[in-house]
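Chemist: Under UniProt numbering, residues 1 to 237 are what the sequence shown spells out, in order.
Derived from the structure by calculation, the hints contain no laboratory data.
Treat the hints with caution; some may be incorrect.
As the list claims (entries may be wrong) - List time: in silico DSS-like cross-link candidates among lysine-lysine, alpha-carbon distance up to 30 Å:
1) Lys205 <-> Lys127
2) Lys205 <-> Lys71
3) Lys58 <-> Lys127
Given the structure is predicted, the values throughout are model-derived calculations rather than measurements.
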Amino acid sequence: MQLVSLPGDKPLWSQIAQILSERIANGTYPVGSTMPGEMALMEEFGVSRITVRQALDKLVSRGLIERRRGKGTLVLKPQDLIETHLHSSFSDFAEVRNHTERKLLSLSRETPPEEVAEFFGIPRAQKVVRLCRATVINDHRAAYFETYLSPEVPFDRLDDTGSLYEYLGELGFPVTSIVETVRAANPTEKDRERFEGLGEGALLKRCRQGSFGQMPVEYTNSTYRGQDYELTIRLGE
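Throw the hints in and build the complete structure from the sequences for me.
Modeler: Here you go:
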């Protein structure tokens, strides 16, 4: 299959991920079936193993497939995704709990992941602000936030532990729309590094994309301990 590789086009791994997603949606790869292996996909699309793995990693992050040792890549039942407009901030969780604290872990300028650069519409090599924070409840870390900000935003608040969205509004970039994807996931090795004493229970993963009108402003990946949070969505009045 011929893929497009021209300046301004989607990366090859992103094109492959989209094609595979469509095949899962239309039943080409039925739920419960095993997807073609990496070698087969490399031959079909004429790309490297790294490119194929990037595409598969994207499907894993979306909850469409699962890699099982000795069994290959299994197609999962697609979850219903709710696109909504929720006003979220760093201070919107666990307010009723005692001994709740929000901590700034790091603030730096880094090259973003491919999906973040694509959301902002910037070159992959362009650096953006990366902000890592955590919520601590009763002396244990209950949530971890990794936020990337558009290079258009002049963010320089080194000690902020309050509302990110309030500060963005003060800078002239109020977030007026949000798209969130929420799913349950098993802990990864990186999760175990971030959460001390993490057991085998599922985590809550949230990907949030905030915009000011048509301008992308922030991209946040959040991870929550399942036992510390519950998700409530109210639709309508």
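Chemist: Now look at each hint and say whether the structure bears it out.
Modeler: Hints, one by one, checked against the model:
{"no.": "1", "hint": "Lys205 <-> Lys127", "in the structure": "25 Å, holds"}
{"no.": "2", "hint": "Lys205 <-> Lys71", "in the structure": "25 Å, holds"}
{"no.": "3", "hint": "Lys58 <-> Lys127", "in the structure": "22 Å, holds"}
Against the hints set out earlier in the document, no violation occurs for any number.
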